[in-house]
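The two chains are supplied separately, each in an independent frame; assemble them into the complex guided by the hints.
As given, the protein sequences belong to chains A and B, one line each in that order. Per my numbering, the first sequence runs over residues 1 to 454. Per my numbering, the second sequence runs over residues 1 to 296.
To give an idea of the chain B side of the interface with chain A (calculated C-beta under 7 Å), a few residues: (1) R44; (2) V47; (3) G127; (4) N154; (5) G241; (6) G243; (7) L260.
If you are wondering where the hints come from, they were derived from the structure by calculation, not from laboratory data. All residues carry an ideal CB built from backbone N, CA and C; glycine is no exception.
Residue strings, one per chain:
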Amino acid sequence: MRPRNYLMGVVLSALLLVSVLGVGALYAHPEKRVLRVCYGEPWKIPTEDAIKEFKAKFPDVEVKAEMIPYGVDIVAKESADFAAGVAADVVLVDSFMIPEYAEAGYLEPLDKLVEAWPDWKAYSLPMRKIVSYKGHVYGIMFDTDVRMIWYRKDVFKEAGLPVPWQPKTWDDIIKAALTIKKKVKGVFPIYVPAGTKWGEATTMQGFYMLLLGGDAPPKNRLYDYKTGKWIGKSPALLRAFKFYYDIYVKYKLAPTEFNFVPDVWGTWRRTFGPDRLIGMALGGSWEWGEAWGPKGIAPVPERDKVIGFAKMPGWSGGAHGEPEWVTVSGGWAWTIYSKSKVKDLAWEFLKIVNKRERVARYAAAFGKVAPRLDAAKVPEYAKNSYLMAILEYLKFTDYRDAMPGYSKVSYFIQETTEKIVLEGMKPEEALNYFYSKMVETFGKEKVEVIPIGG
Amino acid sequence: MRLRSGQLGIIILTPTLLVMLALVVFPTLWGVVMSMTNISLVGRGAVHPRFVGLANYVKLLRDSRFYHSLWVTMFFTIFSALIGQVVLGLALALLLRKKDVKGRNVIALAVFVSWVIPEVVAGYMWGSYASREGLLNLLIKALRLDVIGLEPTNWLFYRPLETITIANIWRGTAFSMILFSAALESIPEFLYEASSLDGATSWDKFRYITLPLLAPAILTDLILITIWTFGVFTMPFIMTGGGPGNKSELWTIYIYRQALLPPYEIGYAAAAATLMFLLTLLLIVAYMAVLKKGWG
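So here's chain B without its partners, still in its complex pose (with noise of 0.2 Å):
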């Protein structure tokens, strides 16, 4: 028997798409169905929970805590992703390209540690980096820093959302520069040297050979990051636990609270849950159609 094409590539991705039905989609519906009852983790919505239709999305609506989250959460993806790792990995992975910087292994090495340390470690090295005893206090005393008004201090607590803003970038700026490196491999070494016979300069060759042939990079990195970024929790959750109060508190530690700590409404996390995945589906399908659109 002969197989047609179309009938081959389904058997081949069944397995893949039944993966993908078990592991992504029906946890998904899950917590939609659980987002319209008021099941809870402990107590008698445990075990006997009730369908309250959309009273959980109607209480979150009105809730000035999940506003203030959604926009913790805005700040901390604009500025440590699209800001933080974009500008700073493409500066990165320039500077790597390029032959005769010294101690550029170093550099490459402090960016993949940084990556490779497990996300429980560092957020507690920020803890103690960035507490008052800690290294950023004493490196800003001894560099003098305060001379330009940076003052020592316990950065989780007065300065919380900066402080895991730039954590996170720390972090995340391995991929993009990765990314990056990668992209500045597949442009062909004869457009500089073309350019340099018409006499550019080195912004001109930047500005005009580099940034547009890097352009689809840069969306595919924007993307990932981006929604990665949404999704971050472990090491600002254990810097902060989203606090003091909920100053530094993102979509997803408020999510965790609300389901893991008292109240213990999981239902009601789950509410919250279900709009972040609509939210996140929503940049994905823009980014998408500007990729189609842009570079494709």
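Excised from the complex, chain A in its bound form (with noise of 0.2 Å):
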């Protein structure tokens, strides 16, 4: 053996060692830990401010920010994440859907994390009844709403009626919207979000608005809590059905075709606000700022001025045992996800995003009713006339019925408006029609009919 080749051997051999141990080293140094958040394209700004926020206290932490931008379905998307195995570690969920995803183990129970955080108290106990389940938490409301009656002020005007409008009655609504048809010409008198298009919207804006206010609670419901059964038939359901019918059917008041464009909510947010396309509408308390506000995405110029808002008023103002006034309050939540690695990172975004500064300022901006009962110590927030205004709303504020299977239910509801308003299906057809999907799906002895005419 050659002295010299026998060095080559060794230099040879070191140099692998090293190359090895070096390629070892830098699969061994610690991975920079990541945090994936995921929220919809309404809750950018004060999400980048939070992720903002958090990279400053957490510096070796890498935050990728998945932002589901309009006119995607953020709940099929979220729900298809989940499903996948793929969701981020922490998602600004509808809080309509926290029973459906708990139910299928995918978001953390928060318990003992909000046991522990002094902020909880500030939430009152509807907020946390919302993003509860059997017992459990699983998330935290970042920002909550109530719906109304908008209406064109100018269009009102136009057409002869008092300015400010307080119907009392849905009949004064149908008459209303009879006497724009007649007076001022171009406009739709009334828009009602209606059919699958929409998705919860339907539901939410319209649909709900009009089950709450149409029978004496607890009737007036999807849900019957004593006995535990969905409600298939009730004179509530009938009168709701029957006000599409009236509107889209029988005095051809509504656009239609609204319902099925691509975009149906930037075509509903345009042709009411700088379109002037629609007399009145029922909608959600955020339009104010994130739709028709400066920063919205279709502002309306000098908008206190051309849009006023109202009270939905039950079917007969209260002469029925029915509520006088209805409103209902949805919203959406921060949640963890159950099988994110980072749990603890994902709570400590969670205490940032909902601080009450962020969550007050947020609020005002958009006009959308905080969550927080602190919220109103903050000055941007107690100094919004809007926002003061609609504080009315939240002491007769409802909730859906959101128990497992509500989707379902809900979508059924969608269906049903869509044949009624697609079909012309006559009220009593819809009701039947309505019934006959909810035993299809959860069983006859399941579902509960409340004679009608009773």
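Written out as structure tokens, the structure reads:
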């Protein structure tokens, strides 16, 4: 053996060893921890703000923001992500899906975490209830809302209707719409979301507003909490379907087409706002800022002068035992994915994003209702005259019957309204159709009938 | 050690086979398995799916909406792929072959652009183009097409199926055009010259030279675009979402809506998908048989 070869062997071996160790060290190096945050575009500003604060506090953590843009069905996207096992660590979900997600084991229970979190006391009982399911807390409400009748003051004036306007019964609404039809050309007098394209918005913005005012409680719901059954037939359901029938089919007061365009949200916001094509509509409180505000997606010049809002009355204004005024609240909640590997960081993020100042300032800027009671102590929020005005609605607000299976029931509602507005299905037929769908899905023994005309 | 050619073939094919197995065969079989359960996207059925046998198939075969989507898909495929894209693609390929046509580069570019635009973008473009205030209606007004009975309207609402069909012709023609152009290049020029000497007219040349020699290409094109068109989802979904109601609900959109929107029934949707797979398979086998017999 020649010494030279020997030396060469040693050098090569050493090189090999060094490179192997080097590569090993590269991989062994503690990888940067990653936190994935998923939210829809409407929450872009406050979420990005929170991510910035989070990064400042945890410089070693990489944050991946996964924003779902306008035009994409957020619920469908998030549901698919959960089911496929690829959801982000932190997900902002529509609160009505919490029971279904919790049943499927997609969400991490937060009971112990919120107990140890001083801020939890700032959330009112209803706000805690929305995010709870079977005694466990699964999320933290980020914003909430109320619903009302939006109306165009300029259109109403042109039609010779009083401004400000406050209808006392459903008849008042239809009469006003008929007046607009007669007096103002080129305007659809009323718009109530209908059909499956709108998804949950059909149920929430339109249907629940009618259902809750359609009969005396507790007959004005979709679920009977005493018997634990879904309500498949009731006078309230019939009255609600009839309202759709009246405005879409009988009097032809509403724009059927708008329910089926590629971008239903954008179309509604533009046609009611800058385009002035709609006289009045059932809609959510967020539109004031998110749609028609100066920073909104369809800003309306002189918004305060041309757009007004009124409370939704019960069908006879409370004369038959139904609530005098009706509104319903939903909203979005921050949750943690049960399979997340960085739950500690996810919780840290939740604490940051839900800070009082952020929640209040964001709510004030976009005309949303803050779920934290202490938001009113933040000057931006307290000084917002619009938010102070809709505080009144919170006194009589109500909630969806978000039991497991609710998303199916809601879909049947959307489908039924679709049949009414597209095919002109009569209210009684619509009720039978809805009932048949309910029985087919849940079984006859799980679906209750409240006699009509009783 | 010497390998026999058979063994070598297997070795070379193995990686491809493995990939096919993992990405095509396994998911298909898994779909069949899922179609026999009541698995759902959210809720209890997502964690505890039960075996339900053929219940999903039985329910499917009783679902009028399913048959409706089948009919919509047939219409869409026959008019947009078989008639629209093949005929238009052939016409364009013939046009582009003529050296004396002015502006043929512009035409070729226009056709290519429709092909390279991402589908989602194309979907929203069509949504805007065919809307009530869209460009299409402006054109109809400007060209006074109401004289021949074309009135401005909301096309996606009143003529949803026709609109997505035309949009798909617009989008897919480029492929047929390219395929036919390539095939036309391979027809020897002397055949035309010889036929000219024999006194053949342009129509004779097309009928007796071009068409017969293009037949294999046409058949290949038919097979490919039929299968593709059967599976088209993105652009129609963005344009109409299958609506209004389910007027333009293609089979693919039906499956999507069953699985990813309420009622969130993945098992049921898988059953529909399995039937779709079988039907497509049948089409392929039929085409292959014709291909072998006719121009093999």
